[in-house]
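What follows is the residue order along each chain.
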Amino acid sequence: MEFRTRDGVAKVINGVTYHVDAGETLAVLGESGSGKSVTAQTVMGILDTPPGFVTGGQVRFHGKDMLTMSDEERRRIRGEGIAMIFQDALSALNPVFTVGFQIAEQFRVRRGMGRAEAKKRAIEMLDQVKIPNAKSRFSQYPHQFSGGMRQRAMIAMSLALDPEVLIADEPTTALDVTVQAQIMDLLAELQRERQMGLILITHDLGVVADVADRIAVMYAGRIVEEADVYELYAKPAHPYTIGLLESIPRLDEKGQELRTIKGLPPNLMNIPPGCPFNPRCPMAQPVCREKIPPLLQVAPGRASACHFAEELVSRD
Amino acid sequence: MGRYLLRRLLQLVPVFIGTTFLIYWLVWSVPGDPFAGKCGERRCPEQYVAFMTEKYQLDQPVLVQYAHYMQNLFQGDFGETFSGRSVNDIIVAAYPNTLKLALVALAIEALIGITAGVLTGLRRNGFLDNLVLVSTLFLIALPVFVIGFVLQWLLGVQWGIVRPTVSSEMRLTELLVPGFVLGSASMAYVARLARTSIAENRRADYVRTAIAKGLPMRRVVGVHLLRNSLIPVVTLLGTDLGALMGGAIVTEGIFAVNGIGREVYRAIVTKESATVVSIVVVLVLVYLVMNLLVDLLYAALDPRIRYE
Amino acid sequence: MSDPTSASIVSTPPSHQPTQAGSTAPADAGLPENARRDKPRGLLGDAWRDLRRKPLFWISATLILVFVLMAAFPWLFTSKDAVNGALANSRVEPSGDAWFGYDVQGRDVFARVIYGARASILVAVVAVLGTLIFGGTVGIIAGYRGGWVDALLSRIADVFFGLPFVLGAIVILTTFNGSGTSNSEWEIMGLVIISLMVLSWPVSMRLMRSSVLATKEADYIVAARAMGASTSRIIIKHLLPNCLAPLLVYGTIMVGSFIGAEATLSFLGVGLKSPVVSWGIMISEAQNYIRVSPFLLFFPAGFLVTAVLSFVMLGETVREALDPKLR
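Residue numbers (my numbering), protein chains in the order written: chain A, 1 to 316; chain B, 317 to 624; chain C, 625 to 951.
None of these hints come from the bench; they were simulated from the model. Since this is a predicted model, take the numbers as computed values, not measurements. Every residue, glycine too, gets a C-beta built ideally from N, C-alpha and C. Just so you know, not all the hints are guaranteed correct.
[What the hints assert, rightly or not] In silico contact screen, one side only, chain A against chain B (beta carbon under 10 Å); selected entries:
| hint | residue |
| --- | --- |
| 1 | Gly45 |
| 2 | Met69 |
| 3 | Glu72 |
| 4 | Lys130 |
| 5 | Phe145 |
| 6 | Ser146 |
Please model the entire structure based on the sequences and the hints provided.
Okay, structure coming up:
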């Protein structure tokens, strides 16, 4: 997958592989520009083309490659198979239609329901995401909702057709901290009830810890580490993950200076040779500037793309 | 909403008075003797002059004349021509024709303009896009009378497809060419506005959401994208209806449509001051009211806009 | 993968890059230039880079140059007499001797269209300058002062804006230039110019007013004011340069539409009049012979259309180049 711009070609994602099972939550973690949202957009087939071009790879859903199936087949998977919620619900909801219309629309178009029944079902959905006064909220416009309520409405809309997998692209970034927690709880609850796979895209390690089962860490368009959430927090197997974890403020280390990862993520049009993280890596060795470390299994159920992953894992 | 409407109405009043006074002053007061050349070669008879002076209070200062005229106007009296014909009759006879022509023009420009704009906005930089860009450039650049003459000559005279002029029955088929000519420049603006608007909204997040919901492409474009993109286009069309009626002079002249534009032109040439002023007043009023309606329409189309 | 990259995403229309039409991906075309594009470019530099590659820009600029030369030095293009003719030549068709034929009064049509450029372009350019200066000044005052001054000036502009253009011009011109008046050639031109100005200044006033309103509260203007710069200095040094580009683009396009408007008025018999030579007059004179001698109409109409198109096209290409959103 790459972006073609006047200033050159940006290889945005490169050899990314992840999977999610029913009832499982996978968190995709990374800084902005690491390619995590673009991966999700590629999966949904909502990439802006041009400048975005998918140059290879597969997106398999129940074993079928979505990139090679017909547009019509692919469309049918959207919403029913895989649904998505976006970061900014205000711009993601159509401003000139009522929230109710936008939810009921799915029942009407995809399920062929009549107006009245679709409305009933839409109100049920609003109830399920705990929007008070769902009936009167049905006929309001997105701008009349508060930020949190809007995101709830967005969730209701994405879950309307009972998707098997839900992709949540930074669902709480645009919200207040208190509201963030409520939305995350709601998402976790709905996911448990429905036993659906959840791909949670975020840059916020705090959000991840509570809800994720597995974590995939992305850097410069590649997955650099993938692991079970507890193992990753306990023993990160990639220097980038270590850096990320160290940059979380911790209550038990009050008074200490907050550590950060030095430097900036690379320009995707000009990724450094070797390991893309090498210019910022505290452990960098000459080999890191020459060879790209492949993503290899370093322990059961976990993988890392670092030449020194095994040392990191075996270290105490 | 009520307060907004009231405020807009109050804003409209000085503009209406200003515009109509300007015209009144230009037509009645500036040329000096309002009777010059009115009665052929000879001077007008004394009693006629006295009658008209009395009727229009021509011996008073222009402001008083204007106030008097307005007073009559609001009682439904648009004045009389020098030959004694009621201006009301002229307007009643001519206005429907102009309205008909303007509506045909509006329909044509909306149909062609929006279609061209939507198609090119969805698929930019293709052959069609360049074709539309070039042809809109032509439509904007060509003066109406040139387009009118060329089409009249080509379709009416050379190829004989249509009647070169419009008959007094004002049949719809006869109005297609004049309507196209009248609406030609606006058509180009509509096409361009629709194109930019579609192109801008096409990448909007809510369009992406609609696709992610698994809606058919037809519905994504036809419902979600169009509804948003056409808001500015519809408002442009609304204001244009008022402008089309005021701008129909040339088109009506070329195609011999017995409309308000032709009447006013005739009145200007023959110095029928009362007719000129009254027709301009009607046109200005229609234009202003259309603008107000468009504002309200805008609020109806875009729920985000609420007038306090 | 968001803001920084997507902001620089560019889709240059292929029509503007004919030399690159053969390349497979637009992206590859941009790569070789990467190296020498390291230093930052300003908006104007960017615009110029864009313009330089557009054939439409060069075509329209060249045509305008030709028309301006025609207006300034018509004798460079023809040695024939544009005002006097021999009746014997009345409506003689185009030939090698007279490329565009002769009109009703036996005057050389080619010479007339050449000499017609002067009146048409002069009227349009002067009227545009007047409109921009007058409307622009009023717009700056309204935008900068705000309050009741703005309200008053805006309502006055509304008054003039509410008049239908052609209708208003006819009324003004017949009032001052009707039959029976004996204005000289220059007086008529002046009247046409003034009536175009009177009916158009509200547009440039609104344009300027909104640019001033948009930039007035910008930090650097506030800073200049805080440092005690005088109002006139702020306007000349800071506001004008920012508002000038859209106004100039608008002006270029307006020259085109004014050429058309002047022709329309002459055509209606209220604008310029013989013995002045202008395209509008020629078209007006030709309309009665459209069935027998259509060439009388087509040559002046062709020149008129080309001139209008050149100005509108130039304005459009410059506007596109200046607007980063369109690129």
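Which numbered hints fail: 2, 4, 5 and 6
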